[in-house]
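Protein chains: 2
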Amino acid sequence: MSSTPNSRTRTTESSESMDAPRADDGDRAVEADEVEGLRQGLEDERQRNLRLLADFDNFRRRVGREKEAARGDARREALLPLLAVLDTLERALAAGSRDTDFYEGVAATRRLFESALREAGAQPLEAVGQPFDPNLHEAVGAEPSDEVEPGTVVREVRRGWRLPDGLLRPAQVVVATGEEPARPWR
Amino acid sequence: MSSTPNSRTRTTESSESMDAPRADDGDRAVEADEVEGLRQGLEDERQRNLRLLADFDNFRRRVGREKEAARGDARREALLPLLAVLDTLERALAAGSRDTDFYEGVAATRRLFESALREAGAQPLEAVGQPFDPNLHEAVGAEPSDEVEPGTVVREVRRGWRLPDGLLRPAQVVVATGEEPARPWR
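Residue numbers (numbering that gives the first Met the number 0), protein chains in the order written: chain A, 0 to 185; chain B, 0 to 185.
One should not assume that every hint holds.
[Unchecked claim] Derived, one-sided and incomplete: chain A residues facing chain B with beta-carbon distance under 8 angstroms:
1) L41
2) L78
3) A83
4) A94
5) D98
6) F112
7) E118
8) L135
9) E137
10) A138
11) G140
12) R158
Derived by calculation from the structure, the hints in this document are not laboratory data. Note that beta-carbon positions come from the ideal geometry of N, C-alpha and C, so glycine has one too.
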């Protein structure tokens, strides 16, 4: 809408001093059109500016979140394969050794491993004794128990780990059934 | 500047058919001022829009790089403390053990550890036999050698690691001096 009045007026202006006087009413109408067009154009540009600023602002906010998510993903990807290494080391230690010195050296390494994971932001989950939580635990078995409520984690098969921004990997757990051996699980 | 002419013109327009005719020259001057003001305002807004779009575009580009850098930093921070754990495990293995089964289990863990680090994007540096490079190596000693050129890495005290986007940690190395024991290093 705004381009036609604009171009018409530009012509009028540039030839103002050279042209013979025109019918006044016609000039007035052209100028009113032009003013209206310019005013509309200005309003459009201002609205566009406001939308751009709002888009920019939203983008900036989203980007902040995305950067945090990228950090989290990278940390998760780096740490996840290393948890399996710690599992293996723990299994080796659980078997024990008759070489005490060597065993002690490896046990110290295991402690250092856990510290390094904590330093990287990972925390082991405490699962045993907790009610089974499908968000943190993966049930790999069930056992009758007369000591804890049914649905309580009685044993951990694989340790779970979490990061500040969410779960790193779930704990694999064995869950208590009632006192009677629960047939459906067998 | 543009608001005063605006409001005056709105009055002129809306009352066009009702008002008595005014002094033509005065009106024309006011309208020319207003048109000029609107045109200038429109141009300013358009320039502002263009600048905003350019800023937005630059920001978008920068953000892509920053996200990559955030990923790299997070990976680096997660992996760096774990390299010290592998060092400790390697030192334990270097001492050897008379418990072959346990030793083999731990040796398998060490191989798994290295695989996990590689899976996370880390690669060990090959330093021995390479010319000393201050970007990759940290000299922790010097030894006379008649087998390699002076300035060649003869021994690695601590393994170096790199990531796809740069060094993770430098190798600590011992560098060859000439055949004669080099007095300044002693």
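Enumerated hints in conflict with the structure, sorted upward: 8, 9, 10, 11, 12
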